[in-house]
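Start from the sequences, fold in the hints, and give me the full structure.
Chains as they are written, first to last, in this note's numbering: chain E, 1 to 67; chain R, 1 to 529.
Only some residues are given here: those of chain R computed to face chain E with a beta carbon under 10 Å:
hint, residue
1, LYS375
2, SER376
3, LEU381
Here are the simulated distance ranges between beta carbons:
hint, chain 1, residue 1, chain 2, residue 2, range
4, E, VAL52, R, ASP111, 37 to 47 Å
5, R, GLY166, E, ARG11, 52 to 62 Å
6, R, GLU385, E, ARG11, 11 to 21 Å
Simulated from the structure, these hints should not be mistaken for laboratory data.
Each residue gets a CB set at the ideal place from its N, CA and C atoms; glycine is no exception.
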Amino acid sequence: MTDQTDRLGARGDDVYAALMAAHEGLTEAESHSLNARLVLMLANRVGDADAVIALIRDAADMTGKDA
Amino acid sequence: MAYDYQPFPYVPPPGLRGPEPRHPVAIVGAGPIGLALAIDLAQRGVAAVVLDDNNVVSVGSRAICWAKRTLEIFDRLGVGERMLNKGITWKVGRNFHGADEVYSFDLLPEDGHKYPAFINLQQYYVEEYLIERAQELGIDLRFKNRVVGHEDKGDHVVLTVETPDGSYTLEAAWLCACDGAKSPTRDRMGLPFEGQTFEEHFLIVDVEMAESPFGSDVPERWFWFHPPFHPGQSALLHAQPDNIYRIDLQLGPETDAATEAAEEKVLPRIRAVVGDRPFRLDWMSVYKFRCARLERFVHGRVLFVGDSAHVVSPFGARGGNGGIQDVDNLGWKLAAVLGGAAGPDLLDSYDTERVHAADENILNSTRATNFMTPKSPIEALFREEVLRLSHRHSFARRLVNSGRLSLPAVLPGYDKGDAPVAPGTAMPDAPLSDGWLIERVQGEFTLVGFGDIALPEVPGVRRLGIGQTGAPYPCCTSPGDVAQARYGAGWAYLFRPDGHVQAAFRDPTAELVAAEVARAFGPNAEVTP
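Here is the structure:
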């Protein structure tokens, strides 16, 4: 697995805060839908299918593991 | 060894015997903020009277992390070196997830600064040193003088003060409320103090131990998410002088503060952190916190400074440090208004600039506290995945938020321009042949030429040339030309008395520089140096 280096810098906190704010007050089902939509939108924004598929594998690879 | 709390003497104030002449400034509260403000004003020839209901320094270590910018301000107030010598210097922080270190940071990777990124020093030492400095300056410090009322008369304030010998009234042109997070002045005025309250309880404990829990002689800041010794919560470890260590443990929302503060509950928690090292319990407290501020810090003749104006959670060390920066911003302005060099509307810029800084501090400390205490299952889920990813991916380490540590805010309303140091920025330090740049610049309007650039003579503006010769003003060099590298050779900078860049010039004419001084004083300024 390759290290995903930081590309957001100090603005990462802004992105994280916006994400938490978007989830505020949602039910669990609504949060799931929001996450699914957002993943699909971000995948399109990355625009490189091979890169997106590699990221999907990397993320899926962590399922059920400690870290 | 436990700190030896020495009571300061109560002296019956002259106001008990008859009316006192009107004071230029009355400061309510002899904590770090009130004392620093009194010292700043005294150094500018303004004799403030300081009123405090108590007669000892801070009980408990309370604020311990003092940031570089604060130390630079303390340097100007004549106490910086003493604090540095006594304090514990640290610059490396480590974040752990479980037992694994996932991320470390070095807060000051470059040399050539008089002060380090941070020192840890108990608030009682900070207050002790400030009080000694205030006494050296002959400041009128009145202990056991409780302000119980005040009335704004438009051009002055009348205070009612209670002492062990009865009450008296006192007049001051300005009242500075430095009376802390629970400010009685603020309550008396019925001013809303709104923001976010966090439901989590935290246990904060100081222990004295001969052996360092860091496992080396280098003190650092260690933060754990899900520490093995305190499952499901977070923990923070800091070193203080006198072999005292600060341990901060998250307890969760559903706890009873009084039960948690009982020694039989606390001791096993501490043993879980420090193992079988012998220790002595020095001080502890269970608390919740909030992030809030006043809408405005200036209310007629009453000025709010420090925690009375704004409070933050402790993660990021933005409370005490933010308050000292309030003082730095206010001191020269209040002195200018009292001296007639500026109109009272110069104080509006204190309001604008420090409200802006308070918002930045509140934003950062709210985010850190939210990260530490997820308030919904989805927030907890994102937090867990960030922590899991942080073991493998450096982008996620950047999102791990155990506190974004105090940095000075950039002043609003300044154009960035293309100079290496943007206007509105707190000055970066640099070594000089005979000391440090901060020592030569802070305190007064100062025009500095870096490298080959001539400085005009402007009334009320001190000049300094770096790496120049033959100029009709003081000059020095910077070893390794570090100052020129930081500020850009061939640039001149005008600094405000609070060490912030007012303007940068390629061609500093007397007219341009004078116009910038006038701008710093506000639109209705009568600049008569």
